[in-house]
Amino acid sequence: MVSVITAVCFVAVALVFLAATNIRIETGSYSIEQVVVSNDLEDMQPAVDGIVFQPSDTIYCKVRTLGVDGIIGMRWFLGDEMVSESIGKTQSNSITSYIKGDSPKGLPEGSYHVEVFIIENRPIETINFEVKNDSDH
Numbered sequence: 000m001v002s003v004i005t006a007v008c009f010v011a012v013a014l015v016f017l018a019a020t021n022i023r024i025e026t027g028s029y030s031i032e033q034v035v036v037s038n039d040l041e042d043m044q045p046a047v048d049g050i051v052f053q054p055s056d057t058i059y060c061k062v063r064t065l066g067v068d069g070i071i072g073m074r075w076f077l078g079d080e081m082v083s084e085s086i087g088k089t090q091s092n093s094i095t096s097y098i099k100g101d102s103p104k105g106l107p108e109g110s111y112h113v114e115v116f117i118i119e120n121r122p123i124e125t126i127n128f129e130v131k132n133d134s135d136h
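FYI, in numbering that gives the first Met the number 0 the residues of the sequence shown are 0 to 136.
Heads up, some of the hints might be wrong.
With a straight-line Cα cutoff of 27 Å, these simulated DSSO-like cross-link-like pairs (lysine-lysine) come out [what the hints assert, rightly or not]:
#1 K88 <-> K61
#2 K88 <-> K131
#3 K61 <-> K131
#4 K104 <-> K88
#5 K99 <-> K131
No lab work stands behind these hints, which were simulated from the structure alone.
Modelling step: build the complete structure from the supplied sequences, incorporating the hints.
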């Protein structure tokens with residue numbers, strides 16, 4: 000009887016602590032449903048390897064997930080060099096990151112890819128794309 004009372008008291012104290020500190024406990028899992036790379040937030044289409052963007056474009060990567068909201072990371076690379084990284088928690092099963100050039104010339108031309116990861120920093124999805132000036136064709 001004493002151990003049951005002790006256990007009930009422990010659970011009650013834990014619940015009061017969690018309520019007071021505003022900590023949320025979630026159970027379940029989440030997974031990547033879709034990855035979209037686009038230069039237009041309004042017309043986000045599924046990503047296709049090899050898509051070409053202009054140096055002046057802002058390039059967005061939107062990840063949609065299934066399950067509970069969770070942590071998603073995105074690493075942007077120019078060749079083998081990481082140029083940007085963002086990690087955040089999805090909201091309503093969605094998260095978006097972007098890259099754009101820091102100079103008036105925009106992004107450097109070249110082969111890019113974005114890696115999407117969930118845990119342990121291992122990429123789950125990789126999308127390859129090019130940045131190339133139209134006048135170079």
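Here is how each hint holds up against the structure:
1. K88 <-> K61: Given that 27 Å is the threshold and the Cα spacing comes to 13 Å, the pair holds.
2. K88 <-> K131: Violated. K88 to K131 sits at ~32 Å, over the 27 Å cutoff.
3. K61 <-> K131: holds (22 Å)
4. K104 <-> K88: Outside the cut-off at roughly 32 Å; violated.
5. K99 <-> K131: Holds, at about 13 Å.
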